[in-house]
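Chain order of the listed sequences is X and B.
Under this note's numbering, the first residue of the first sequence is numbered 100, with each subsequent residue one higher.
Under this note's numbering, the first residue of the second sequence is numbered 100, with each subsequent residue one higher.
Do not take every clue at face value.
[Stated by the list, open to error] Covered stretches of chain X (in silico footprint by chain B; criterion: 3 or more residues with CB under 8 Å from a CB of chain B, positions within the stretch not fixed): (1) 104–113; (2) 180–186; (3) 193–199; (4) 208–215; (5) 330–341.
Worth flagging that the hints you see were computed from the coordinates, not collected in a lab.
Small disclaimer: the values here were computed from a predicted structure and weren't measured.
Every residue gets a Cβ at the ideal spot worked out from N, C-alpha and C, and that includes glycine.
Protein chains: 2
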Amino acid sequence: MPDRVLRLQRIARATAVRAPARRPVMIAIAGDSAAGKTTLSGGLATLLGPGRVTTICVDDYHRYDREERRKLPFTALHPDCNYIGIMEQHLQLLATGEPILKPVYDHRTGQLARPELVCPGDFVIAEGLLPLHTKLARACFDIAVYLDPPEEIRRRWKIDRGVGKRGYDKHQVEAELQRREQESADFIRPQREYADVVVRFAPISEREDPPGTPLSAKLLLRPTIRHPDLSKVLAGDRRWTIHLKLDREENGRPVDALHIHGYAPREDSQEVEKAIWAQLGLEPGDPIHTLGHLANGERSEPLAITQLILLYHMLDESR
Amino acid sequence: MPDRVLRLQRIARATAVRAPARRPVMIAIAGDSAAGKTTLSGGLATLLGPGRVTTICVDDYHRYDREERRKLPFTALHPDCNYIGIMEQHLQLLATGEPILKPVYDHRTGQLARPELVCPGDFVIAEGLLPLHTKLARACFDIAVYLDPPEEIRRRWKIDRGVGKRGYDKHQVEAELQRREQESADFIRPQREYADVVVRFAPISEREDPPGTPLSAKLLLRPTIRHPDLSKVLAGDRRWTIHLKLDREENGRPVDALHIHGYAPREDSQEVEKAIWAQLGLEPGDPIHTLGHLANGERSEPLAITQLILLYHMLDESR
Numbered sequence: 100m101p102d103r104v105l106r107l108q109r110i111a112r113a114t115a116v117r118a119p120a121r122r123p124v125m126i127a128i129a130g131d132s133a134a135g136k137t138t139l140s141g142g143l144a145t146l147l148g149p150g151r152v153t154t155i156c157v158d159d160y161h162r163y164d165r166e167e168r169r170k171l172p173f174t175a176l177h178p179d180c181n182y183i184g185i186m187e188q189h190l191q192l193l194a195t196g197e198p199i200l201k202p203v204y205d206h207r208t209g210q211l212a213r214p215e216l217v218c219p220g221d222f223v224i225a226e227g228l229l230p231l232h233t234k235l236a237r238a239c240f241d242i243a244v245y246l247d248p249p250e251e252i253r254r255r256w257k258i259d260r261g262v263g264k265r266g267y268d269k270h271q272v273e274a275e276l277q278r279r280e281q282e283s284a285d286f287i288r289p290q291r292e293y294a295d296v297v298v299r300f301a302p303i304s305e306r307e308d309p310p311g312t313p314l315s316a317k318l319l320l321r322p323t324i325r326h327p328d329l330s331k332v333l334a335g336d337r338r339w340t341i342h343l344k345l346d347r348e349e350n351g352r353p354v355d356a357l358h359i360h361g362y363a364p365r366e367d368s369q370e371v372e373k374a375i376w377a378q379l380g381l382e383p384g385d386p387i388h389t390l391g392h393l394a395n396g397e398r399s400e401p402l403a404i405t406q407l408i409l410l411y412h413m414l415d416e417s418r
Numbered sequence: 100m101p102d103r104v105l106r107l108q109r110i111a112r113a114t115a116v117r118a119p120a121r122r123p124v125m126i127a128i129a130g131d132s133a134a135g136k137t138t139l140s141g142g143l144a145t146l147l148g149p150g151r152v153t154t155i156c157v158d159d160y161h162r163y164d165r166e167e168r169r170k171l172p173f174t175a176l177h178p179d180c181n182y183i184g185i186m187e188q189h190l191q192l193l194a195t196g197e198p199i200l201k202p203v204y205d206h207r208t209g210q211l212a213r214p215e216l217v218c219p220g221d222f223v224i225a226e227g228l229l230p231l232h233t234k235l236a237r238a239c240f241d242i243a244v245y246l247d248p249p250e251e252i253r254r255r256w257k258i259d260r261g262v263g264k265r266g267y268d269k270h271q272v273e274a275e276l277q278r279r280e281q282e283s284a285d286f287i288r289p290q291r292e293y294a295d296v297v298v299r300f301a302p303i304s305e306r307e308d309p310p311g312t313p314l315s316a317k318l319l320l321r322p323t324i325r326h327p328d329l330s331k332v333l334a335g336d337r338r339w340t341i342h343l344k345l346d347r348e349e350n351g352r353p354v355d356a357l358h359i360h361g362y363a364p365r366e367d368s369q370e371v372e373k374a375i376w377a378q379l380g381l382e383p384g385d386p387i388h389t390l391g392h393l394a395n396g397e398r399s400e401p402l403a404i405t406q407l408i409l410l411y412h413m414l415d416e417s418r
């Protein structure tokens, strides 16, 4: 029946001509549970504004609710526990400017709720556990980010959130982390390989930070996409705040490692932010203050600078 | 950014090559509330088997739940009350053999529930209020059917169902019918024009049927698709049971009107059914008894014959 498909394509195209779908810039933010995905994406979404950015969480593609999962031999991290094929389909639709009716998983109740209409803005941020799991899903993104905190820090974040925000006790969260470990290793962490930018918030290993020092950030800027020319920003007197180091990954591939120091004086970091902001061709002004917000209400300059680097890529792709 | 779309298409195609999506035969059964859509489609689905047939109800694309609709100036019949664009998108996906995550409207509770995965079988029956509302939706179907009972009969069916099965009182159902009338006229009945087959169950007007006589059926077989050659079935001595009449529609277009008489003796009708069955190239056997079942548990030979005509089209398109 090729005639019907032809007719379908012709009519679909004729319809599209009336309102041509604009292809949005697609960014993936992948990482394990409590790796800081929402903290990273939230600032970008706020800065660009909800009218321009559409954020989706691909954990909404969970196939089972919490109750059903209890009887299953795998956790929510397992691809079989998610509608991966539908996630791919929806990412393709968004990448070509089409709306989707997205499923909704309610983290609060653990239930699957009524789906919601999502129309892509100029930018689509897809964050979650498995956005980079398949080749087709990866092909949907212009920029792929993987959040890679050291496990002990992620555990602490996971426990803080589980106990504070979701009302579990510490042992419950620890048991859950234990239950998920094998699937993290099998399905979540392998996505790190496919990221254009790997982001690691951690203390600097070379020195002992005094208590209360914000975490530093290390960004692997892989040559899979064209990164901003930071030579002006990285002028000699800023090495204390930020510096770029040519490195090799474990697999031997060359990579740029951008180090952003949490111990640098805040005003120095903010100078760097302004310099990147200017290089983005943006007007000096307010929006920059929407970056760098941590979930606990505190401010992190390394987070703000990381967000600016990602913002660079988003704006660059949209040009 | 055309490069990304190219890459997407290439990877999507490479993935599809591994498991080529088979394009199903698509049939629409459109009609107003309580026009008999499920009765008509149910027999076909049972006969062909759930493994081969996928039935979806496009009323699942309701945008609002019953509670929300109370505050709105239109009823569930209005296109604005439905995700028509998503319905089109999902019909296109099904028509090209792709799965969908279909929204679910629960008629019992009036709420929107968690969506469900639908993988198209060899045949997809899409029944509901608005499957033929847009050009793109219509382009998805191989066979389009519109159910067109006289309004007084549909009202009786609607009241019977509303009172018996859904627990409303008669006046509530009548008020609802009243509230929906304008939108029926504006959006539901115009779909009749786009059907390949218009089905009307009604008493024969030329004579007074004794009480208890099953309804007759009149099928407009429009020349928009190739209809079965019924010349053998319509041999002279069967005129009492079934006959074909060349006619003109109100707009002047030529049409074949197939009359199937409810007052014909059951054995005569069943002879006709067997003749059509044989012409379909199917083995004589049991499955034929799954046709003709009314919602009240009774049997209607005109319904069975109507279903056989539609079955002819479905099998014909699949060859």
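Going through the hints against the structure:
With 5 residues having a Cβ less than 8 Å from any Cβ of chain B, the stretch 104–113 of chain X passes the three-residue criterion, so the hint holds. Only residues whose C-beta sits within less than 8 Å of a C-beta in chain B count toward coverage, and the stretch 180–186 of chain X has 3 of them, enough to reach three; the restraint holds. Under a criterion of three residues with beta carbons nearer than 8 Å to beta carbons of chain B, the stated coverage of the stretch 193–199 of chain X is upheld, 5 such residues being counted. Remark: the stretch 208–215 of chain X is confirmed as covered by chain B, as 5 of its residues place a Cβ nearer than 8 Å to a Cβ of that chain, reaching the required three.
With 0 residues having a beta carbon nearer than 8 Å to a beta carbon of chain B, the stretch 330–341 of chain X misses the requirement of three or more and the stated coverage is violated.
Hint compliance for this structure: hint 5 alone is broken.
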